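Undergrad: One letter stands for each residue in the lines below.
4 protein chains.
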Amino acid sequence: MHVDLNCDMGESFGTYQLGLDEQVMPLITSANVACGFHAGDPQVLRRTVELARLHSAAIGAHVSFPDLVGFGRREMNATPLEVENDTLYQLGAIGAFCKAAGVPLRHIKPHGALYNMAQKDRALADAIVRAVVAFDPALLVFAQPGSALEQAAQAAGLTAIGEVFADRAYNADGTLASRKLPGAVIHDPEQVAERATRMVTSGSVTAIDGTVVPLRAETICVHGDTPGAVDLIRRIRARLAESGVDVAPAAAR
Amino acid sequence: MHVDLNCDMGESFGTYQLGLDEQVMPLITSANVACGFHAGDPQVLRRTVELARLHSAAIGAHVSFPDLVGFGRREMNATPLEVENDTLYQLGAIGAFCKAAGVPLRHIKPHGALYNMAQKDRALADAIVRAVVAFDPALLVFAQPGSALEQAAQAAGLTAIGEVFADRAYNADGTLASRKLPGAVIHDPEQVAERATRMVTSGSVTAIDGTVVPLRAETICVHGDTPGAVDLIRRIRARLAESGVDVAPAAAR
Amino acid sequence: MHVDLNCDMGESFGTYQLGLDEQVMPLITSANVACGFHAGDPQVLRRTVELARLHSAAIGAHVSFPDLVGFGRREMNATPLEVENDTLYQLGAIGAFCKAAGVPLRHIKPHGALYNMAQKDRALADAIVRAVVAFDPALLVFAQPGSALEQAAQAAGLTAIGEVFADRAYNADGTLASRKLPGAVIHDPEQVAERATRMVTSGSVTAIDGTVVPLRAETICVHGDTPGAVDLIRRIRARLAESGVDVAPAAAR
Amino acid sequence: MHVDLNCDMGESFGTYQLGLDEQVMPLITSANVACGFHAGDPQVLRRTVELARLHSAAIGAHVSFPDLVGFGRREMNATPLEVENDTLYQLGAIGAFCKAAGVPLRHIKPHGALYNMAQKDRALADAIVRAVVAFDPALLVFAQPGSALEQAAQAAGLTAIGEVFADRAYNADGTLASRKLPGAVIHDPEQVAERATRMVTSGSVTAIDGTVVPLRAETICVHGDTPGAVDLIRRIRARLAESGVDVAPAAAR
Chain R
64 MHVDLNCDMG ESFGTYQLGL DEQVMPLITS ANVACGFHAG DPQVLRRTVE LARLHSAAIG
124 AHVSFPDLVG FGRREMNATP LEVENDTLYQ LGAIGAFCKA AGVPLRHIKP HGALYNMAQK
184 DRALADAIVR AVVAFDPALL VFAQPGSALE QAAQAAGLTA IGEVFADRAY NADGTLASRK
244 LPGAVIHDPE QVAERATRMV TSGSVTAIDG TVVPLRAETI CVHGDTPGAV DLIRRIRARL
304 AESGVDVAPA AAR
Chain W
64 MHVDLNCDMG ESFGTYQLGL DEQVMPLITS ANVACGFHAG DPQVLRRTVE LARLHSAAIG
124 AHVSFPDLVG FGRREMNATP LEVENDTLYQ LGAIGAFCKA AGVPLRHIKP HGALYNMAQK
184 DRALADAIVR AVVAFDPALL VFAQPGSALE QAAQAAGLTA IGEVFADRAY NADGTLASRK
244 LPGAVIHDPE QVAERATRMV TSGSVTAIDG TVVPLRAETI CVHGDTPGAV DLIRRIRARL
304 AESGVDVAPA AAR
Chain Y
64 MHVDLNCDMG ESFGTYQLGL DEQVMPLITS ANVACGFHAG DPQVLRRTVE LARLHSAAIG
124 AHVSFPDLVG FGRREMNATP LEVENDTLYQ LGAIGAFCKA AGVPLRHIKP HGALYNMAQK
184 DRALADAIVR AVVAFDPALL VFAQPGSALE QAAQAAGLTA IGEVFADRAY NADGTLASRK
244 LPGAVIHDPE QVAERATRMV TSGSVTAIDG TVVPLRAETI CVHGDTPGAV DLIRRIRARL
304 AESGVDVAPA AAR
Chain C
64 MHVDLNCDMG ESFGTYQLGL DEQVMPLITS ANVACGFHAG DPQVLRRTVE LARLHSAAIG
124 AHVSFPDLVG FGRREMNATP LEVENDTLYQ LGAIGAFCKA AGVPLRHIKP HGALYNMAQK
184 DRALADAIVR AVVAFDPALL VFAQPGSALE QAAQAAGLTA IGEVFADRAY NADGTLASRK
244 LPGAVIHDPE QVAERATRMV TSGSVTAIDG TVVPLRAETI CVHGDTPGAV DLIRRIRARL
304 AESGVDVAPA AAR
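Residue numbers (the working numbering), protein chains in the order written: chain R, 64 to 316; chain W, 64 to 316; chain Y, 64 to 316; chain C, 64 to 316.
Mixed in with the good hints, there may be bad ones.
Treat identical chains as interchangeable: a pair holds within one or across any two.
List time: in silico DSSO-like cross-link candidates among lysine-lysine, alpha-carbon distance up to 30 angstroms [what the hints assert, rightly or not]:
no.: 1; residue 1: Lys243; residue 2: Lys162
no.: 2; residue 1: Lys183; residue 2: Lys162
no.: 3; residue 1: Lys183; residue 2: Lys243
Hints in this document: simulated from the structure, not taken from any laboratory. The structure presented is a predicted model; accordingly, all values stated were derived computationally and were not measured.
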């Protein structure tokens, strides 16, 4: 039994430092690397891909709407064609740094508002998938199980990797509970580590209403921007190890 | 006997249209396509690469300093490492659109201020060349004969393609005469077409001081932003044909 | 009887030219000048404000979401505070060029997606209005009669100027008919000129369903990006003159 | 006897935090606030101007070349007219936030590469000064004593404020010694505090070759980006106080 740990990386920009990439990279198995649209720049991309290579983390494209000042967190009503071409551009950009480092680009995970919209909006999801098909159909698509993005990827013959969030409550339909609800974000590290492990070993999660929801937990999203977050990743790894779950980059089955 | 005709393409941006790409593309053999740093955006890249494919024009990366408002025309004292990584980023971006269109990326030609600086500054030239080597050593490097960029390319084992400017006067050392000098820019279309042809057939140019300078004319830079420019390309092609010179994309020897 | 003619101006950017500002400026009475977020740059702002001064057109801030590549046409879920501060920034920027030219900044008209959202979303409208109050409460706010932006302006004690679109069909509630409906955009110049004039003289418009809707037509939005558009402005002016309607910049009552 | 302490502030951007503004603002008397070209955004500007108001720090425009990814540290060969208009744009933008906060904009200090170039290049210095004259001739211009910027300001009838760097070695001609020379940057806090005080009390500095150079020390540039930097400001203030030097915002004489 195994699972992937993915984390957003390479979100510095110019003189601005963000995230504890040096500390986190050794602890994760997949790095979602910013491609310059919400964060990252060519210098940061170079260093981040190199850092991932050094620690054998699989590299993915963390593609975004073009919104640096908003960090890609603001929904935009871009057309599917705009999203497709923006995605293709970013895939190419990060792909060049992978080529330079002699490592493959392995996956794609949309960022921020684009991630959220692509879970629900099939037209946007299809647009992202079209870019992947055009660029490299071997890329894994990280998506929430049951989401529009997962469906779009599978419909195009791509491999979708089921992503779960151990620090978030789930609805009975397998979607994430709104952050506005009490208890929607779980802060206790022990509880998060325990949830992460149980998601993987049981293939399910207990929803906010008590329902047990089946959930394909192939990659766990972790955060790397605070010392507490780094400790949490360590704890998740320890708890997974105790339960006999290996951590390894996601892979096509 | 043959020569390449190269022209800057894909320099529109968002709602802004620039250049007569639709009219020019059928007339040229190499398109230098903007990669988003001085002009171009993902939508424009998609359309431009598709247009080049349609007309069998070879596609090149027209890489630039990151200066959209200045159209890449302003010198910046970026470090060689910044130039290397900015180049790699842009190569990857356009490369993705080539991949999507099923056509190869064939060459690189720096744009504007970066072009001018790379002809003289070996450290910048080396930086560009390192990016090419890392991305695809089969890419042709368009450079003025005798320039630092040509030397850097050749030193790294890349193929440099000798670029000439039929509408510009030359110094006795084979460099371009400053635009500030009287007669530095040749406006008479017939004269430009004649010069272009003679450069190719004779392998030389008569410098501003009367010296005959040997010049490897493998690709001729033409412009495509005014109706007059389009007519000029037609005239150059006609004059070349009369002299038995074929036009064809530049290629490794 | 009089009415204002407003037109978007100063939408060039860097090397990119957009709009026929030189031809249009003499024909209009209010210029909505781009402030650098969807179009315009400091050089363009300088020239445009100077051009407006020369032709005695009143100058307004054409504020936008920060989306150059999308020309401000894409909705973004920016927070009201972001919109307030983005608006304040743009008001200041254009205000500096007005100060340099010795002319007042007279009005504000949001651009594109922000315009559309501010007609309906009171929180966004209030955000824009707060920026105006903080910067200069004497600024006129161009807004569709009955819109959220008009209400927000009036609630804050600002003067809202009723804006109408002579080339657009209206719904019975005084809102614009969706562009997707047949007949929503009126293309016949004579009909547009006639509608414009009747809106002003009658203070009403015949909606798409035949209803006569009262409409405070204080400023008419005209376009200036094609030769045909320029002719249309001339025709509107001629038709207004025939009906005894003067054109003059909007003013506080 | 009194002196001003100025520090760069408001250099965060979007989600990126830079500098210890909250800790530093109470310790300084003039805040050079980024205007969005090298750092800062409308949200950051709002907060920074508010913070300055709260602590009664005088507010200045920290204008820059448009180079966010390079943090304004890279020289660009922009034309004087471009620099003039870019400066005017930034003055207006920050001026709007000052107006909203009910505080005056008091000074201008170019940032990074523009600062360095404007000390030596009279044409650029004149361009900046023209923007100041057009926007508000009461603005103080922070410039190194004897610099082109000081001369340009004085020639236009503006007040130039003599800026000194207590942690930098000086040449015998009153210019800063190159950072590449050994000893060019002074790291010992006690020594820096001592130098700062002596510059103010003696009106001179001992140059790197032992020469005593007269120097009009009206404002001392301090840094606020590390805990050590904050301590250093405290130490400078203490040492100034011991010597009977008050700290107060720079003012026209």
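Undergrad: Against each hint, give a clear statement of whether it holds in the structure.
TA: Verification of the hints:
no., hint, verdict
1, Lys243 with Lys162, "neither (42 angstroms within a copy, 36 angstroms between copies)"
2, Lys183 with Lys162, "between (33 angstroms within a copy, 28 angstroms between copies)"
3, Lys183 with Lys243, "both (19 angstroms within a copy, 25 angstroms between copies)"
Violated hint for the displayed structure: number 1, the only one.
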